[in-house]
Amino acid sequence: MQVYLPIAEMSVDALLLLGIGFGVGWLSGMFGVGGGFLLTPILILIGIPSPVAVASGANQTLGASVSGLIAQWRKGNVDLKMGGVLLAGGFTGSFLGVQLFAWLRRQGQVDLAVSIFYVVVLGSVGALMVRESVRAILRRRQKGAKPKRLHAHFWMHGLPFKMRFRKSRLYISVIPPLLVGFSIGVLSAVMGVGGGFMLVPAMIYLLGMPTSVVIGTSLFQVVFVAANVTVLQAVSTGSVDIVLTLLLLIGGVAGAQFGAAMGTRLRGEETRALLGAMVLAVALSLLWGLVATPESAFVIGPLP
Amino acid sequence: MRRIAGALGLLLAALLPAAAPAQPAPPPAAPTVFEELALAPPPGRPAILPPAPTAPLLVQSPPLLPDAPAPLLPALPPPPAPVPTPAAPVLDAPAAATPRPALVAELSQARVEITTGFTGTELLVFGATDRLIGPQPSAGHGDDVLIVAQNAPQPMVVRRKIRVLGFWINGPSARFRSVPGVYLLTGTRPLREMLSADERTTKRLGLENLPLDSTGIQDPSYRQALLQLKQDAHLWWEADTPLRIAGARLFSARLPLPATVQTGDYRVEVMLVRDGRVLARQELGFRVERVGTAASIADVARQEPLVYGLICILLAAFAGWMGSVLFRRS
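In order, the protein sequence lines correspond to chains L and V.
Following the working numbering, the numbering of the first sequence begins with 1 at its first residue and continues without gaps.
Following the working numbering, the numbering of the second sequence begins with 1 at its first residue and continues without gaps.
For reference, chain V alone in the conformation it holds in the complex (with noise of 0.2 Å):
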């Protein structure tokens, strides 16, 4: 009984915000820690180039190692400064001991939480990496930085509508083992001109190169459509932009996430290529959560589907009623 009434007050709480418009949305991905540390240079170093101040620090500072984990950001709105500022500027101590990372790249935050107000959001990655990347005024192309995000595959089913009596039903289907739910790819330059077809092939880049292996009826048409019908969900992306290059060294990238992105666990791969060829990656996290109401009613309703199916009539009843006593006219 009383987890029956604890549940109630949680799809009471839940009601509130989904009646009351004028709850604020949680701020997405912005301010970013990327903008507030080219807004604040530290004190004592001025900035040289309006969007560069932060190169310095990002690529000397030695607790951003490639192989390090992610140091967790706290998750925003409160975006504290997220790098040990060193005291002293470290200019030879870390070079000398160790050699400096040719990439290093973070996330902008490591949860994203979906909310009743849930519209989708933006996931800024961004890094500096050793040697001058994106094209360069003097000497052709420089490095490139390839940054790919997604989650755990699952199995999907593609059917194709036929017609049967001039009625439009679902009819062959093909079964992908593993599809992945989301699969966001941006870098320096299309992914054609940064890699070879070898190297796309064997690292399995690009949309055009994902593992899809299907059951069923064999037609590359199946494939065809199911990578059109994620890329209309938005759901996959491959960027036709270049990513954001600031001095030749740091990158930044916006990562978009729809409204129905899943919830889980993302893995974002870093990659800085040179000739062609991957030279250095990095591997980052982030975790999609419901938070608050929104979970507490997925939970309830997952966990608890007979007290949630109890709570909702109850709810509903109570809604039509309380309704029909406020809107009366007699």
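In isolation and in its complexed conformation, chain L is listed as follows (with noise of 0.2 Å):
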């Protein structure tokens, strides 16, 4: 069934889009990230014009991660003060990101940062993923291994503007969190994802915090740096499809509640490693498509 999507003036198989939800739904579901990561690359496999697939997958990112905040938030799993912080160097991130993107788009080189921007972030947060995780089974499985210190300190505990986060017990440096807010909102704006999957390790290794609390604040940043998103890209670029983001969402929203199903029944580290391993395939998928020889030596477009 072909639908016509308005933005992206194209017309594409509507199920095919459901299929696509449903599934990048479903896996989120199970490892409680927003799934832009894996959503924005298939569109542009399948054809959809890359500034369109980054600016309607923040929107998907926005409606497939509203659910989980309303039940995190039920739960009193979200730090709203630290989700405030993060959310203040989100914003700046997320606009001059847009600035970024606009630019590249002048460029003619749109499309080349977004897969560079996949390989290097993917690549390297997979890879890290995937090591910490197999490593957290390897000692699991070692009888009489060492305690585990809470956290360990380093440079970063020595830096000023100290603030105290009753809910994710920390007693931490505010840049810190900006920081790792600034970067998760460029990252959205160029890459069309809500960050969940880089955050929510930054949060846990970086910054720290318990992990009954990360996936609720985190959830929290992604829906909200995800809206500014959508709003600042509707404005500087106009490429949100609003037909194409309703569509993903229909399918996205119910493989989420198949997947959250699922996800509660695997264990910490398995999940972590199986989510770090499907972020490395991405990432090597599209360094694939970087490094092959195109089908057609030359590209066209229209004059920017």
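Treat each hint with caution, since some may be false.
Reference listing, derived: stretches of chain L covered by chain V, where coverage requires no fewer than 3 residues with Cβ under 8 Å from a Cβ of chain V [claimed, not checked]: (1) 126-136; (2) 249-257; (3) 290-301.
Just a sample of chain L residues kept apart from chain V, beta carbon distances all over 12 Å, derived [unchecked claim]: (4) G68; (5) G76; (6) A113; (7) S183; (8) G208; (9) E269.
Please keep in mind that the hints were generated in silico from the structure rather than gathered at the bench.
Small disclaimer: the values here were computed from a predicted structure and weren't measured.
From the three backbone atoms N, C-alpha and C, an ideal C-beta is built for every residue, glycine too.
Reconstruct the complex from the two isolated chains, following the hints.
So, in structure tokens, the structure goes:
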């Protein structure tokens, strides 16, 4: 069943979009991430122009994360104070990111930039996640391992402007969360992702937040940054396709519920290892797209 | 506030056809006027040859003068009788007063509507000539008909991909100032056989002769790539099969418009070719427009980007929340 996308100015199979939404939603529900990092590359792969895929991907991430946020909020797993600090950085970052995106579009390098961003970010995050979780699994198997320290102290903890985050049981400088929020904001704008897949590890390993509040707080940040990116993209590049977004969302929210039910049965380390492997796989496939000889040596486009 | 509410209403309306697959797509170009006429010959005038009953009607009815503005047929679906049927067959009167036009042509529709279910369509160009057209069994080849449809040219950039450190990136570029977004050409014979090289060049007919001036890198391969990629996208097309001829005087051609066709005004030139030269031409036009929800969404997005962005947020959040309520498994 073909449907015409008014902003992308092309028609695609609605069932295909619903299916993609369902699959990505299922995975994202299982791992508690927005799934934007999978969605945007897949959309580009099926021929949606990069700007539309990125902008609509951000919009979809927003919708997909709302239900998760509501659920986490009910359980009291959202650290509002930490979320607010992250958000302050996130808004600044997404604002600059959208400017960067519009500039890249004028240069005709948007596809390249989006792919490189994906390869670098997903590659490093995926590798780190896999390494860490495999280590954790191995450590668990070794009997009589050393008891883990709550968190290690390093240079970050010497920074000024310390603040107490009660829910996260942390007393740290606001600079690291601000920086984390800022970089997620930039990535969100350029890659069309919510940034949950990066935010979660950054919160656990960098900020040292307890896992219980990580998911809820990251969803809080993702929802609002994605909302900000949606508006900014709509204004500066006009490439948010609401029909595309809604089709993906319909599949996505259904899939997410099934995925979430399954995710509760997986152990933390295994989940992280799987998620890491998936992130790595996406990075490798995009890397292949950059390295493989293109079908046509030329590309055409409207004069920006 | 009212404007926001109105726009929200439009978008909500947009959601429905997108979500409900059962909505029937509007009939594309068919049924065409041509076939209508052929199917139903006027009473009292028996069909002589199966494909050609409309020939006398089209050739002799005076309202179809070549220079008259295209009698805009109301947009399909309801295809009314397009040609005002003369009460009595007009056989002598107009022919005696004015010379009979060498060529008359018409389009099946003056508007192509892009709806939410649009997947491309075909536009029928049909008409008749005074003298015989197409291959003749007795005397070689008759006159030829050539049809060219295109829209307003726009600037485009062609970039060559180069390899840097093993990565393929967009490298040097050539800018083409005026590139027709769509260029469709068909005729009774391949263009090369119909017109001399001189005539093709001066009249700028055919994909090879498009006036593509470029700035930036000067290299014929860029132009070649543009030609190739546009044809791959089905936006430029030179028919490899001849158009349909009936009764050696009637012609009809279907111009394929892909789903990616741009909106705007299109010009269709129908030319009569004899002995390698263009003898008569008639210009027709049609318009490609988004209609319904697709149009509303695109309009809101272009005119009120901020409002549109906010609506997108609300709709996405609402859909996400609805989904979690509907599919909750607890």
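Comparing the hints with the structure gives:
Closer than 8 Å: that is the beta-carbon criterion, and the stretch 126-136 of chain L has 0 residues meeting it against chain V, so the requirement of 3 is violated. Check on the stretch 249-257 of chain L: 7 of its residues sit with their Cβ under 8 Å from a Cβ of chain V, so the three-residue criterion for coverage holds. Chain V is given as covering the stretch 290-301 of chain L, and this holds because 11 residues of the stretch bring a CB closer than 8 Å to a CB of that chain, at least three being needed. Not every Cβ of chain V is farther than 12 Å from the Cβ of G68/L; the closest lies at roughly 8 Å, contradicting the non-interface assignment.
Remark: the non-interface label on G76/L is consistent with the geometry, its nearest Cβ contact in chain V lying 17 Å away (cut-off 12 Å). Remark: the non-interface label on A113/L conflicts with the geometry, its nearest Cβ contact in chain V lying 10 Å away (cut-off 12 Å). Taking the minimum C-beta to C-beta distance to chain V, about 23 Å, the non-interface status of S183/L holds against the 12 Å cut. At the 12 Å boundary, the C-beta of G208/L stays outside the reach of chain V, the nearest C-beta of that chain being 30 Å off.
Remark: the non-interface label on E269/L is consistent with the geometry, its nearest Cβ contact in chain V lying 25 Å away (cut-off 12 Å).
Checked against the numbered hints above, the structure violates hints 1, 4 and 6; every other hint is satisfied.
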